[in-house]
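Generate the whole structure from the sequences, applying the supplied hints.
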Amino acid sequence: MKRLGLMLSLIAAGCGGPDLAPPAADSAQIVVALSASARDGVARPRSGGMDNYGGGSEAKGRQFSRVNYDDLADIVVYLEGDGLGDAGPAPRSLRLEISEDGADHRQLLLAPSGLTSLTIANRASGPRSVFAMGNQDGFDVTLAPGEESRVTLKVPGTYELACDEDAGLAVTIIVAPTTWAQIGEAGDDVAFDRVPPGPVEIVVVAPRLPRWSRRVTAAAGRRESVTAEVGVNSMTRAK
Amino acid sequence: MRLLPASLTLAAAGLSTAAAVWGPLPRHAGPPPPVLHEIAETGSVSGRVTFAATRPRQPIIIYLERQGGELDAPRPAALVIRQKGASFTPSFAVLVAGQEVVFENDEDRDIDHNVYTLGSEERDFGIFSPGKSVRHTFSEPGEFSLYCSIHKLMDGKLFVAPSRAWSEVAQDGTFAIRDIPPGSYTLKTYQKARRFRDAAQPVAVSAGKESTVTVELAR
Ligand SMILES: [Cu+2]
Numbered sequence: 001m002k003r004l005g006l007m008l009s010l011i012a013a014g015c016g017g018p019d020l021a022p023p024a025a026d027s028a029q030i031v032v033a034l035s036a037s038a039r040d041g042v043a044r045p046r047s048g049g050m051d052n053y054g055g056g057s058e059a060k061g062r063q064f065s066r067v068n069y070d071d072l073a074d075i076v077v078y079l080e081g082d083g084l085g086d087a088g089p090a091p092r093s094l095r096l097e098i099s100e101d102g103a104d105h106r107q108l109l110l111a112p113s114g115l116t117s118l119t120i121a122n123r124a125s126g127p128r129s130v131f132a133m134g135n136q137d138g139f140d141v142t143l144a145p146g147e148e149s150r151v152t153l154k155v156p157g158t159y160e161l162a163c164d165e166d167a168g169l170a171v172t173i174i175v176a177p178t179t180w181a182q183i184g185e186a187g188d189d190v191a192f193d194r195v196p197p198g199p200v201e202i203v204v205v206a207p208r209l210p211r212w213s214r215r216v217t218a219a220a221g222r223r224e225s226v227t228a229e230v231g232v233n234s235m236t237r238a239k
Numbered sequence: 240m241r242l243l244p245a246s247l248t249l250a251a252a253g254l255s256t257a258a259a260v261w262g263p264l265p266r267h268a269g270p271p272p273p274v275l276h277e278i279a280e281t282g283s284v285s286g287r288v289t290f291a292a293t294r295p296r297q298p299i300i301i302y303l304e305r306q307g308g309e310l311d312a313p314r315p316a317a318l319v320i321r322q323k324g325a326s327f328t329p330s331f332a333v334l335v336a337g338q339e340v341v342f343e344n345d346e347d348r349d350i351d352h353n354v355y356t357l358g359s360e361e362r363d364f365g366i367f368s369p370g371k372s373v374r375h376t377f378s379e380p381g382e383f384s385l386y387c388s389i390h391k392l393m394d395g396k397l398f399v400a401p402s403r404a405w406s407e408v409a410q411d412g413t414f415a416i417r418d419i420p421p422g423s424y425t426l427k428t429y430q431k432a433r434r435f436r437d438a439a440q441p442v443a444v445s446a447g448k449e450s451t452v453t454v455e456l457a458r
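Same order as they appear, the protein sequences are chains W and B. To convert, note that position 187 of the first sequence is 187 in the numbering used here; the numbers rise steadily by one, no gaps. Residues are numbered in the numbering used here as their position in the second sequence, beginning at 1, plus a constant of 239.
Please keep in mind that the hints were generated in silico from the structure rather than gathered at the bench. Do not rely on the hints blindly, as some may be mistaken.
Claimed, not checked - Simulated crosslink set (EDC-like; lysine to aspartate or glutamate; CA at most 20 Å straight-line):
no. : chain 1 : residue 1 : chain 2 : residue 2
1   : B       : 431       : W       : 166
2   : B       : 431       : W       : 140
3   : W       : 239       : B       : 360
4   : B       : 427       : B       : 449
5   : B       : 431       : W       : 164
6   : B       : 431       : W       : 137
7   : W       : 239       : B       : 351
What follows is the structure in structure tokens.
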């Protein structure tokens, strides 16, 4: 799928799943199946392809691009818990390229001590002021065309990245509370191996979608498998 | 206790509604709002925002929280958010807590939309075919994102202010909130694109007077 707006290269720890060896005797495994689905009652496009209304009486154009729930990317999965320690598989390197192709929702993952910085590169033809501000942390950089800069976020939370020159830029940076954090795609089994035993909260955040969470107890020598519903079907419905 | 004469609150509400909308404004129908006369019972707050770095280009709102309960005043009329072209219009608006929103699918072709909100109140408003709409009253102050689960570029934002005591900061940094009942308030900021820490500072409003404040926004 062609990415519009931003190009991101992300070197992440690989996802486990079917190939995962059995859990070690002194630690647990947690496997999170990312099950994404469209809202109940939404019909497929009346004609044309998966992503756009096409042809006939229906509208064309980029603004009518549909969410393809089979192809959702940038889904952040992290574990939260007092006894988790600092040995999680958080990604090690993160880079964000800002171009001129317009808005698309992207989500980036940082994690304390594992990965707290992000390289932002300006691939647009003019300068770009890019900033994000949370309650206790933030950054603000202005980049000339071709320039890049390394920014740091250390305080866990959700940061909306904004750009003065491009109001449509839609990038969310999640700083996970632990290094037990990975990025997956719809259909993935995101696996965490050698998880210290104890109570753990599993949190899944997909771009534009409500967050999903589940509390489990990680037990030594056992694999805990959960299915995370990614979509709007569990939301409270207005009458 | 009602502190404001009805004509005044109506006019203030009308003004707030108009100022609340970014993007295409609805044309005024009917008679213009009544002219405000100087009312001795109310005061105002005005001032300037200073920025420690470049001012963000997106809207900044100053609003007042009343210490000991919000203002008792009529809410502005319902705000209509349209969906034609798979875009929320307006894509950003300031509401007053208790104000109603009408989400309306005004597509002229056979295109369904869904609306859901994330933020202080998370709710799915259903799927609408063209010509259909749904009304909802936003009671909880705070920021909401608006999305359609069908169309991936369809999104918007709402900021729900606790009362009609709010103002957008002008390009030169100035703001003014008028016709406020006397009392103790906390002045706060909201930035649609957050570049600075939000400010919060006490401000006293006295009858017939204008309180002048400086608000510093810094990282
Ligand atoms: Cu839609």
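How the hints compare with the structure:
1. Only pairs whose Cα atoms come within 20 Å are accepted, and residue 431 of chain B paired with residue 166 of chain W is accepted, the gap being roughly 14 Å.
2. A C-alpha spacing of about 16 Å is found between residue 431 of chain B and residue 140 of chain W, which places the hinted pair at or below 20 Å, so the restraint holds.
3. With a C-alpha separation of about 15 Å, the suggested pair residue 239 of chain W and residue 360 of chain B falls inside the 20 Å cut-off, and the hint holds.
4. For the hint pairing residue 427 of chain B with residue 449 of chain B, the CA-to-CA distance comes to about 17 Å; that is within 20 Å, so the pair holds.
5. Using a Cα cut-off of 20 Å, the hinted pair residue 431 of chain B and residue 164 of chain W holds, with the two alpha carbons roughly 12 Å apart.
6. Simply put, residue 431 of chain B and residue 137 of chain W have alpha-carbon atoms about 17 Å apart, close enough for the 20 Å limit, and the pair holds.
7. For a cut-off of 20 Å, the pair hint linking residue 239 of chain W to residue 351 of chain B stands: about 18 Å separates their Cα positions.
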